[in-house]
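Undergrad: Note that my numbering has the sequence shown beginning at 76, numbered continuously upward.
The hints are simulated quantities; they were obtained by calculation from the structure and are not laboratory data. Where a beta carbon is used, it is the ideal one built from N, C-alpha and C, also for glycine. Hints are not guaranteed to be accurate.
[Unchecked claim] Computed spacing ranges between beta-carbons, pair by pair:
{"hint": "1", "residue 1": "V106", "residue 2": "R225", "range": "35 to 45 Å"}
{"hint": "2", "residue 1": "G220", "residue 2": "E127", "range": "18 to 28 Å"}
{"hint": "3", "residue 1": "G193", "residue 2": "E116", "range": "22 to 32 Å"}
{"hint": "4", "residue 1": "R138", "residue 2": "P213", "range": "30 to 40 Å"}
{"hint": "5", "residue 1": "N175", "residue 2": "L92", "range": "17 to 27 Å"}
{"hint": "6", "residue 1": "P210", "residue 2": "Q132", "range": "17 to 27 Å"}
{"hint": "7", "residue 1": "A101", "residue 2": "D196", "range": "13 to 23 Å"}
{"hint": "8", "residue 1": "V106", "residue 2": "W216", "range": "21 to 31 Å"}
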Amino acid sequence: MTDEPHETQIAIRDFDLSQLPADQRALEGDVLRQAIREHFEEKFIRGAGASEIAITQDTIILRWASETPLQPLVDRAVDLLTRGEFDRGISLLEAALLVNADDEVALFNLGMALSDKGKLDDAIRHLRRLVKLDPEHPNAWVALGVAHARS
Numbered sequence: 076m077t078d079e080p081h082e083t084q085i086a087i088r089d090f091d092l093s094q095l096p097a098d099q100r101a102l103e104g105d106v107l108r109q110a111i112r113e114h115f116e117e118k119f120i121r122g123a124g125a126s127e128i129a130i131t132q133d134t135i136i137l138r139w140a141s142e143t144p145l146q147p148l149v150d151r152a153v154d155l156l157t158r159g160e161f162d163r164g165i166s167l168l169e170a171a172l173l174v175n176a177d178d179e180v181a182l183f184n185l186g187m188a189l190s191d192k193g194k195l196d197d198a199i200r201h202l203r204r205l206v207k208l209d210p211e212h213p214n215a216w217v218a219l220g221v222a223h224a225r226s
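Kindly produce the complete structure, drawing on both the sequences and the hints.
TA: Here it is as structure tokens:
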């Protein structure tokens, strides 16, 4: 089976600056775009198998190939988490949430993965967002309880 190309675009204004080191969060213009590029090179290309990052004046473009046709970021991330590749899965889930901040599957899996990695404040933040979006999601409540218990 040949690799199928995929692409995701994220507006720079939607990029969560808290993903950058503290000393880079107030950057602007080309320097900010370079910091974002370096972030994605580290987290996405090396961590998750992307083949290209392009940054225009206002857009981050991630391109990659996958052996499974049209596998969305979230599905690929869950596959990685299932295989125990937490850092790569977390990176993809963070990218997926940049595209759709209300993706319940991404929020749930990211919250659980961050909780398992001991990043409890971040896990709780994502799981709280999920239970606000879907108060009837029993697994989200359980995961949120576990994250709180761990903290």
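Undergrad: Each hint should be assessed against the structure and marked as holding or not.
TA: Hint check results:
no. : hint                    : result
1   : V106 / R225: 35 to 45 Å : holds, 37 Å
2   : G220 / E127: 18 to 28 Å : violated, 41 Å
3   : G193 / E116: 22 to 32 Å : holds, 25 Å
4   : R138 / P213: 30 to 40 Å : holds, 37 Å
5   : N175 / L92: 17 to 27 Å  : holds, 19 Å
6   : P210 / Q132: 17 to 27 Å : violated, 40 Å
7   : A101 / D196: 13 to 23 Å : holds, 21 Å
8   : V106 / W216: 21 to 31 Å : violated, 42 Å
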